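Since the structure of chain A is already known, use the hints to place chains B and C on it.
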Amino acid sequence: MTKAITNIQHCYHCGEDCKEEIHFNDKTFCCQGCKTVYEVLSENNLCNYYDLNNTPGTSLNREVHKTRFAYLDDELVKSKLIQFTDGKISTATFYIPQIHCSSCIYLLENLYRLKQGISRSNVNFMKREVHITFDNSILSLRQVVELLVSIGYEPNINLNDLERKEKSDHIRRYYLKIGIAFFAFGNIMLLSFPEYLGINALTESPFRRFFGYLNFVLALPVMFYCASEFFSSAYNALKQKTLNMDIPIVLGIIAMFARSTYEIFSQTGAGYFDTLGSLILLMLIGRLFQNKTYDALSFERDYKSYFPIAVTTVNNGIESSIPLTKVRVGDRLLLRNQELVPADSVLIKGKGNIDYSFVTGEATPLSKASGDVIYAGGKHIGAAIEVEVTKEVSHSYLTQLWNDAAFNKENADRQITSLATQVSKWFTPIVIGIATAAMLFWWNKDLHKALNAFTSVLIITCPCALALSSPFTLGNVLRRLSRNKVYLKNALVIEKMARINSIVFDKTGTLTNTKTASIDFHGEALTPYELQLVKSLTYHSSHPLSRKVYDLLKEVKLIDTTDFKEIEGKGIEGWVDENCVRIGSKKYLYGDNSGSSSPISDFRHASKIYIGINGNIKGFFLIKNEYRKGFGNLMTTLRNKFKLYVVSGDNDAEKNFLGQYISADNLIFHQQPADKLMFVKELVEQKHEQVMMVGDGLNDAGALKQANVGLAISDNVNNFSPACDGIIEASGFERMDQMLAYAKDGVKIIIASFGISLVYNLVGIYLAVQGTMSPIVAAIIMPLSSVTIISFTTLSSSLAAKRRGY
Amino acid sequence: MSVLFILIGASLLLAIGFLIAFLQSVKSGQFDDDYTPSVRILFENDLKSSPAKTKK
Amino acid sequence: MEVEKFKYDNRIVRNFGFASFIWGLVGMLVGLIIALQLIFPQLNLMEYLAFGRLRPLHTNAVIFAFVGNGIFMGVYYALPRLTKTPMWSKALSNIHFWMWQFIIVCAALTLVLGITTGKEYAELEWPIDILITLVWVVFGVNMFGTILTRRERHLYVAIWFFIATWITVAMLHIVNSFELPISLFKSYSLYAGVQDALVQWWYGHNAVAFFLTTPYLGLMYYFLPKAAGRPVYSYRLSIIHFWALIFLYIWAGPHHLLYTALPDWAQSLGTVFSVMLIMPSWGGMINGLLTLRGAWDKVRDDVVLKFYVVAVTAYGMSTFEGPMLSVKSVNAISHFTDWTIAHVHVGALGWNGFLTFGILFWIIPKMFRTELYSRKLANIHFWLGTLGILFYAIPMYIAGFTQALMLKQFTPEGNLLYPNFLDTLTNVMPMYYMRAFGGALYLIAACVGVYNLVKTAAQGSFLAEEEAEAPALSGEYHAHSGEHWHRWIERKPVQMLVVAFIMVAIGGIIEFIPTFLIKSNIPTIASVKPYTPLELQGRDIYVREGCYVCHSQMVRPFRSEVARYGEYSKAGEFVYDHPFQWGSKRTGPDLAREGVGNAKKRDSWHYNHMEDPRQMSPGSIMPPYPHLLDRDLDVSNTGAKIRAMQTLGVPYPAGYDKIANDDLEKQAQQIQASLKEDKIQTSEKKEIIALIAYLQRLGKDVYSQTASEQTSELK
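Residue numbers (the working numbering), protein chains in the order written: chain A, 1 to 806; chain B, 807 to 862; chain C, 863 to 1577.
Heads up, a few of these hints could be off.
Below are the DSS-like pairs computed for lysine-lysine, each with C-alpha atoms no more than 30 Å apart in a straight line [what the hints assert, rightly or not]:
hint : chain 1 : residue 1 : chain 2 : residue 2
1    : A       : 548       : A       : 485
2    : A       : 586       : A       : 557
3    : A       : 88        : C       : 867
4    : C       : 867       : A       : 115
5    : B       : 833       : A       : 78
6    : A       : 115       : C       : 1088
7    : A       : 88        : B       : 833
8    : B       : 833       : A       : 80
9    : B       : 833       : C       : 946
10   : A       : 115       : C       : 946
11   : A       : 27        : C       : 1160
12   : A       : 485       : A       : 629
13   : A       : 570       : A       : 349
14   : A       : 349       : A       : 608
15   : C       : 1088      : A       : 27
No lab work stands behind these hints: they were computed from the structure.
Please read these numbers as outputs of a predicted model, since none were measured by experiment.
Isolated chain A, as found in the complex (with noise of 0.2 Å):
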């Protein structure tokens, strides 16, 4: 009897295709996992979930083993995950990348109904988290996580999470501080008014009074809270002898309050508090529009984000869980199917299949049989095997990356000086000079006049528009290139992303898109039968390999398949309608007599899977990456503007490929991962390169981080990817080449406000040396020109974003 797929259905739960139907309250379901998903909601009538959106379940095709969470169990990570206890309530958060629409959020805020003990669940939508407060005395933390799992939404659980800290309270404060800055302007601008609006001095002297101290009183917390940042930056500045922005800034600030004090509480003047405010209130604007964190990214992400937090061992049969940094030399470790390597080790015992694509961007497992040395961040993929720990985590093959110098960017990061700070290195003693040489000017003519010219000088030329064009703009182009998903740590990336002047790529997984991979038949062609045959068998591995192979015969219809075998890194064979269908590696069809050896080592960039059906193989498929989409075309432009390299920890076999784009010298493979790393530090120290490192895998990461930009390509920006200084989606690659031109142009705007702002120092400063500026002309020329610059930036960084598909 064979069960036959005429259109395929879309599961109700997930929406994917469904490989065999499972009808339930006449709905189809794709798999076992989804159709109790929708049970379970359904009995706790939550079938909201359905009705908020179509189809928003994630696939539960993989089914969970039940040790896998055993390490939630461990004291040691329970502590470190829950936020808080007091032994009965609970609260943990999770960061959950499945969470995409409105039915997540309505699901996972109502988990109390489906498990006694979650008193209550609060979704972050953007930062992709659960908030959740369980009861520990009913539910364990372990519990808690395999409900969300059982559900489809697995948390995202690793290393960092163990010492996560906490991102938004320093955007808080700049709520607080912009909060107060602008009640605090909003009324001195009010109290202020009637002094631009000629106030009748003689019959209404006593509301100046009144007005003038109740501006000084509203100007202190914008004084000494809101502005306390650049007095502390201005200091370390000092400290650090060297000068920045905040300098001048905090000088201006200064000579502004000290006056209007002055001018308040000897009634000679109203004062500046209203420009104060304003000023203050637009940089910490700045500053807030500069500091924009994406909260469902990070940066910062190293091996710990991608190891497990714990892992399984075994000491003379006894199984247990112990926290990966107890991980010890000679351990007896257990790995099950999609479990990871966490250290280099040998394998002891069972058929080890591993997966590397991470770490090398190689989709293709390879097989290892016991003796062999597994290093740390493949994935097994299969049976369950035994390796025993031969380096301790933080010292393997992988992991020591970390440990090289170069990740202690922070001082490399230093060492870049923004434009500005560049500018106030010359800005802040001219502007010092002018005001000490007016002041002279002035001084046995009218004292009172050289102490006006020197105060209205500092103020005047308080560079706040200065201060204001790099914020506007590289927050603007940031906002711009993430709505491309593109994604950058922080303003000083794309400064430093105008300056560079050769690229280096990785090759799999960064030029090449390791998911897509080319697919086509070699050798007599295959009946239909003979077809459906094939994807009938395959239909039962979970090798990526087989997958491939099974997701190329879309359309064909399935045979019921009995005694079907998995022989780990080799292949596959089973009955097929009363016929022997064998799938796998040359080695495994052939036999090992034939020379060659397993699929993987005969290439490593492409795959060959053999067929055999009863006996005789008709050919094989070969597996091909292809590269991304526009690769040939960004190549081409790239190579006009930058020196391009290509280190590959493969083999040569796309060389030639490749040297239609990239000089053949430029070319280098077999490189290991401290290789890259090496070779990026090579041509930043040696060769003085601007370096651009683009790569995807952990193997990148010490290139990248060397790098003095550092761009990690990805396909889903939610999943995983090795600290580095941007993120950038796949969809993105093909229009490198403009993103950056545009972060060129930004730092071109920069420089063209720059430009304006000085142009009305200048005028301000005219009017200030000359000792008669009154406070309603700094009121007006300041925002005046901060407005400028804002409007000027923002405006230009747009059009230029237009200009360059932004």
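For chains B and C alone, coordinates are given in the frame of chain A:
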């Protein structure tokens, strides 16, 4: 025009009141999440058929 | 920790809802009546139903009865659902409801009976003011109680709007309602003249802001997304927009007093802040409209959304027009004309009216577990209503503009082209017809809507108690500081309450301030003298009959006005005016200089004019006041009034209250005599005598000064 003192005083106090409220709510993280609440209000507060029958 | 079950009280929502549209109909009906009275003066059937008394009734009914109940309906529906908590006290809810309706009834009665403080939008006398304060406290306790015990940690932006509304209205009401009672039904404003005007319009503007705008924005932010089934366009924007609005609105008040005797800088202040207001206001509108982006197909077939769209658009229009009107040059034209009327009705009919009905059409079927009785009728309601708004607003704009221009026109020789105010009025009468038509359309539409709602309610089964469940908030912990954060929550509203009490405290402070207030009045113009007892009595009649509704007492410093009415008004002239009677609309001419110069008329003229305006000035639309001619003036309270004035700082000689009535009679007899000369036989005891005395007094004090400065000071 001395009534202005009162009006300004009153309005200022009011404004300060709101400022305090603002600061408090920022501190307590009211504005940390500026998207989810707008979705949350769309959910009808429906009932779970019977709370007793949650499986252990 | 357990999941808590609770019930939402739909009854209170239904009651407020029904109250809202019932009073709405009443208010609109009165509106239509006064609109017709302006066309057919003979419709001023009796003294109680004269325009001067019905117009305050109309404004109060629409603002506090229709919109007021609308607000409470919305809050009592949205707040519990946003906080996942039933209202704190059902009892308080009901007290709130019934007291509010009681206040409305009292208001209706007193206003018709001519019991009024004579301050626009705050006409209700002191006992009712106190009642209002009480209800407001009840409402506040109930609201904050709910917020305190809530089960949803985050305060949705709508709640912020409600909180702001409560606190601000409380403060405004208290500060503006300081009055000195002389009897149960009569009190004098604590403030005098310019100060009174300033306070009044500071209140008047913010009443609009915080009674007609912020609460409705709150409702918009809840009901619009609900009805559209999609989250608000930008929640961040809504938060920013809220805080910006709160910090700006308070200051816009003085723009109602441009070109008046208010100090220039205070006026400009109002202008500037009003102009700035456009940003947050439009923030709200844009956010509302963009919420529907990509859902316009929905809008096409969902009548509720249609109502919202028009409402929000109307909001956008009037919040754009508002700042524009507060620009001095525009205001010079618009002020005192029908332009203002058009402006407020775009807001009231469009924004408040349509939003209310939109909410009703959504809420009633929900609570009665049924479909809307008839979509067709709802659509009819929608289209009729929209037409109504247009037919109302456009003619008023035209009328206002034309009349303003006519009043400003001069002949080449430099005389007014239309020296007689009446000519300009008769010229725009056609517009008044159309306005009445527009109003009628809107009323009919509303009736259709109400019928539709009643039918809906009838066909459904009312769900009085809506079951709901949510996990408790208590026992929650602050994620970061590990602190008990429901305490945070508790603290915040408590703080709000504290703030509220500070506001009340301000009221207390002001109790002690009057003396200081009175002393520190504007540098008094020497020639300005207190009113004589008879004039004082006459002034109270002037207030009682609501003359200020159509007649301003504020000559602005324009050539046209000085030429028409006489010297422009000075701040110092009003120091004895409790309350000020500047007015806000000139359906008739200004009266500030009625007693002097070219405006001066004989006593007999006033006598006949009051008996029937049309025998003196044909074509006039002023109501007749025959009852003044045959009712005796009540002089029993003269003493009390004098004493009250003395407490408020009016310099009557000590013990004057004893002999006041003697002076009163003397002056009455003089007027009686002068009437006799013109063959008018009447007793000196009649009310008309007092009114004439007051009218003849208007403007005298300053006029006695030299005419030289008049022209020189013109701006």
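Hints, verified against the model:
Taking the CA atoms of residue 548(A) and residue 485(A), the gap is about 28 Å. The hint holds against a cut of 30 Å. Of the supplied pair hints, the one linking residue 586(A) and residue 557(A) holds, its CA atoms being roughly 26 Å apart against a limit of 30 Å. Taking the CA atoms of residue 88(A) and residue 867(C), the gap is near 23 Å; set against the 30 Å cutoff, the hint holds. For the hint linking residue 867(C) to residue 115(A), the alpha-carbon distance of about 17 Å falls within 30 Å, and the restraint holds.
Only pairs whose Cα atoms come within 30 Å are accepted, and residue 833(B) paired with residue 78(A) is accepted, the gap being roughly 28 Å. Between residue 115(A) and residue 1088(C) the CA atoms are separated by roughly 29 Å; this keeps the pair inside 30 Å, and the hint holds. At roughly 26 Å between alpha-carbon atoms, residue 88(A) and residue 833(B) fall within 30 Å of each other, so this suggested pair holds. About 24 Å separates the Cα atoms of residue 833(B) and residue 80(A), which keeps this hinted pair within 30 Å; it holds.
Restraint check for residue 833(B) and residue 946(C): satisfied, since their Cα atoms lie roughly 23 Å apart, inside the 30 Å limit. For a cut-off of 30 Å, the pair hint linking residue 115(A) to residue 946(C) stands: about 20 Å separates their Cα positions. Our distance criterion of 30 Å between C-alpha atoms is met by residue 27(A) and residue 1160(C), whose separation comes to about 28 Å. With a C-alpha separation of about 16 Å, the suggested pairing of residue 485(A) with residue 629(A) holds against the 30 Å cut-off.
Taking the CA atoms of residue 570(A) and residue 349(A), the gap is near 17 Å; set against the 30 Å cutoff, the hint holds. Between residue 349(A) and residue 608(A) the CA atoms are separated by roughly 28 Å; this keeps the pair inside 30 Å, and the hint holds. Restraint check for residue 1088(C) and residue 27(A): the C-alpha separation of about 29 Å stays at or below 30 Å, so the hint holds.
The structure is consistent with each of the numbered hints, conforming to all of them.
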